[in-house]
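So the sequences go chain by chain: A and B.
Read in order, the letters of the first sequence are residues 1 to 363 in the working numbering.
Read in order, the letters of the second sequence are residues 1001 to 1290 in the working numbering.
Please keep in mind that the hints were generated in silico from the structure rather than gathered at the bench.
Bear in mind that the values here come from a model prediction, so they are computed numbers and not experimental data.
Just so you know, even glycine gets a beta-carbon here, dropped at the ideal spot from N, CA and C.
The reader is advised that the hints may include incorrect statements.
Claimed, not checked - Coverage of chain A stretches by chain B, computed from C-beta distances (three or more under 8 Å per stretch; other residues unrestricted):
1. 181-191
2. 200-214
3. 287-301
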Amino acid sequence: MIRIFGRGARDGASLSDNRGGPWGPGGGGDDDGAGGEGGPRNPWGPRRRKPPPGGSGGGGPGPFDELLRKGRERFGGGFPRDGRPYWLYGLIVFLLLWMMFTSVWMIGPQERGVLMTFGRYSGTIGPGIGFSLPAPFGRVIKLDVQGIRTIQIPASGENLILTGDQNVIDLAYSVRWNIKTPELFAFQIADPEATIRDAAESAMRAAVARVTLDDAIGAGRADIAQRVQQSMQQMLDDYHAGVQVQGVAINQSGPPEAVNQAFLEVSAAQQRAQSAINNARSYALQTTARAQGEAAAFDRVYVQYRAAPAVTRRRMYYETMETVLQHVDTTIVETPGVTPYLALPDIQRRGRVQVQAEGAPAQ
Amino acid sequence: MNRILHNPIALGIAAILLLILVYSTFAIVPETSQAVIVRFGQPERILNKYQAGENYGQTGAGIAMRWPFLEQIVWIDKRIRSIAMENQQVLSADQRRLEVDAFARYRVVDPLRMYVAAGTEDNLGSQLSPILASALRNELGRQPFSSLLSPERGQMMENIQAALNRVALQYGAEIVDVRIKHADLPTGTPLDSAYERMRTARIQEARSIEAQGYRQAQIIKADADAEAIATYARAFNQDPEFYDFYRAMQSYRTSFLTESAPGQPPRGRTNIILSPNNDYLQQFRSGAGH
Chain A
1 MIRIFGRGAR
11 DGASLSDNRG
21 GPWGPGGGGD
31 DDGAGGEGGP
41 RNPWGPRRRK
51 PPPGGSGGGG
61 PGPFDELLRK
71 GRERFGGGFP
81 RDGRPYWLYG
91 LIVFLLLWMM
101 FTSVWMIGPQ
111 ERGVLMTFGR
121 YSGTIGPGIG
131 FSLPAPFGRV
141 IKLDVQGIRT
151 IQIPASGENL
161 ILTGDQNVID
171 LAYSVRWNIK
181 TPELFAFQIA
191 DPEATIRDAA
201 ESAMRAAVAR
211 VTLDDAIGAG
221 RADIAQRVQQ
231 SMQQMLDDYH
241 AGVQVQGVAI
251 NQSGPPEAVN
261 QAFLEVSAAQ
271 QRAQSAINNA
281 RSYALQTTAR
291 AQGEAAAFDR
301 VYVQYRAAPA
311 VTRRRMYYET
321 METVLQHVDT
331 TIVETPGVTP
341 YLALPDIQRR
351 GRVQVQAEGA
361 PAQ
Chain B
1001 MNRILHNPIA
1011 LGIAAILLLI
1021 LVYSTFAIVP
1031 ETSQAVIVRF
1041 GQPERILNKY
1051 QAGENYGQTG
1061 AGIAMRWPFL
1071 EQIVWIDKRI
1081 RSIAMENQQV
1091 LSADQRRLEV
1101 DAFARYRVVD
1111 PLRMYVAAGT
1121 EDNLGSQLSP
1131 ILASALRNEL
1141 GRQPFSSLLS
1151 PERGQMMENI
1161 QAALNRVALQ
1171 YGAEIVDVRI
1181 KHADLPTGTP
1191 LDSAYERMRT
1201 ARIQEARSIE
1211 AQGYRQAQII
1221 KADADAEAIA
1231 TYARAFNQDP
1241 EFYDFYRAMQ
1251 SYRTSFLTES
1261 APGQPPRGRT
1271 NIILSPNNDY
1281 LQQFRSGAGH
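All chains, full assembly: derive it from the sequences and hints.
This is the structure in structure tokens:
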């Protein structure tokens, strides 16, 4: 009992001597109180603590000492006190946590984990929980293989491309891709994203250089996108990039801003030409319809006329004259012998007055 | 000994020393790197050297050992890397200027040679970049402008790659691919004149479309007129003399009577002076006895 106290005191003393660890002074103080013969390094300690007389402990511990001892035993029960201080446990707990956090991997349903053991590729972890060696020895790179990523080209502004007939077009497109083979993606290429972008740009330029301006901004667009996708995939497969090009979409393909006006002029001309043609068609419709109408009317009248030509002719003549002469001023002049004075201005004036007189009551 | 074991400071120092020893003896060579072990500046051996067609998991990656403090490890990238050539003005064989962006992809296949000749990857990149530019300029200078925009471009790229590869091999690198990213007309006169050509071509197209439209419109109208004439002729030719009379009657109504407001009777503003000899007054003149 005494020996244990003594050792405790010694260790406590050396701890508190060497460094002021958080447990050092506490332990020392405790033991100083219990076994005062450990060395009166604290000049005031003995005086304040009232050490029991007789260093051997034979004097019998008082009830206060007994209480202290019990308390210490209960308190330090889980931690043996012979040379294994608390920091060791801290280290063990830390190592356990470290292992837990760096060797257990949750792989999501859309992810794959590229597992490396001592730096060497040792498999791909599917969705679920996977294990690796703890941190410096094992490593897992999590990669999203399902998620389709999109690269927009150009990021902003105009993207001028030369066509096969040496014209310039402004083209914006996007490339959708995902990871096909995770380990290739992780190990093969220094900067995969930039590589995909470069591949897309060069493939697009090569494809556009093969077609004419009209194809590039018009009907050939789907074809170009198809060809770019194929040649990009070819290029990336040659690099073993582990990338799948899902699609190339041409978002906008048109003339550059500087010549846009002239291109608009073409479509305006198309509109004008079309509207001229439309007008001509409606004229044609009108003209032929009218001709057919008049011809049909004549045909019908003529059939009846032939039945009784002389009478019909006479009747039509009188009816027409009646209608006409009813509404116009008529003057009858006996011709032979009389030279009529034709007061034309007067006739005209009279006509006008008559018109006004007739118009007035109508209002 | 007992005191050392129970002394955390001593334990800590010992642990740190041990760690340093372990770290300077063992190294983890990842799949993405090749390692050159250098003893006093003298390359000793190569770990995880690139082999064409090898599979991951069967490479030289893994734990490497070396003599602590005597040997250093120089890491060299095993992946495909890129060198870029930004916006170079290139003159084609027919003296046309082009602004060209290109990139080359390479891989270090001989890390030892690369370490001796270039040292680091960045250094290698800056050595190869001007060579890419000059190879490109040489090759493009031999070709007419139009061939840049043609399938022969592939052959040209192969020539450039071969030329660049000859130099790159001296640095222990292998060129995987050379591609032109941009090939544009330089801004200023060349681009402006191209624009002008495009503009005039479009305007020509616009005029031609318009003229074609008008031409077609004229033809449509003329066809309609012809058809109308035929229709009229077919009908009226049955009796030209009656047509003359019938049409004259219609004509009198329309000429002498103007349409007034709808619902009102037509009204004429014409003065007609008739002679009693007029056919209309025939009965008037002759009397009942005639």
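Hint-by-hint comparison with the structure:
1. Interface restraint, the segment 181-191 of chain A with chain B: holds (8 residues with C-beta to C-beta distance below 8 Å; minimum three).
2. Given a C-beta distance limit of less than 8 Å, the hint that chain B covers the segment 200-214 of chain A holds, as 7 residues qualify and 3 suffice.
3. For the segment 287-301 of chain A, the proposed coverage by chain B is satisfied: 11 residues have a C-beta within less than 8 Å of a C-beta in that chain, meeting the threshold of three.
Checked against the numbered hints given earlier, this structure breaks none of them.
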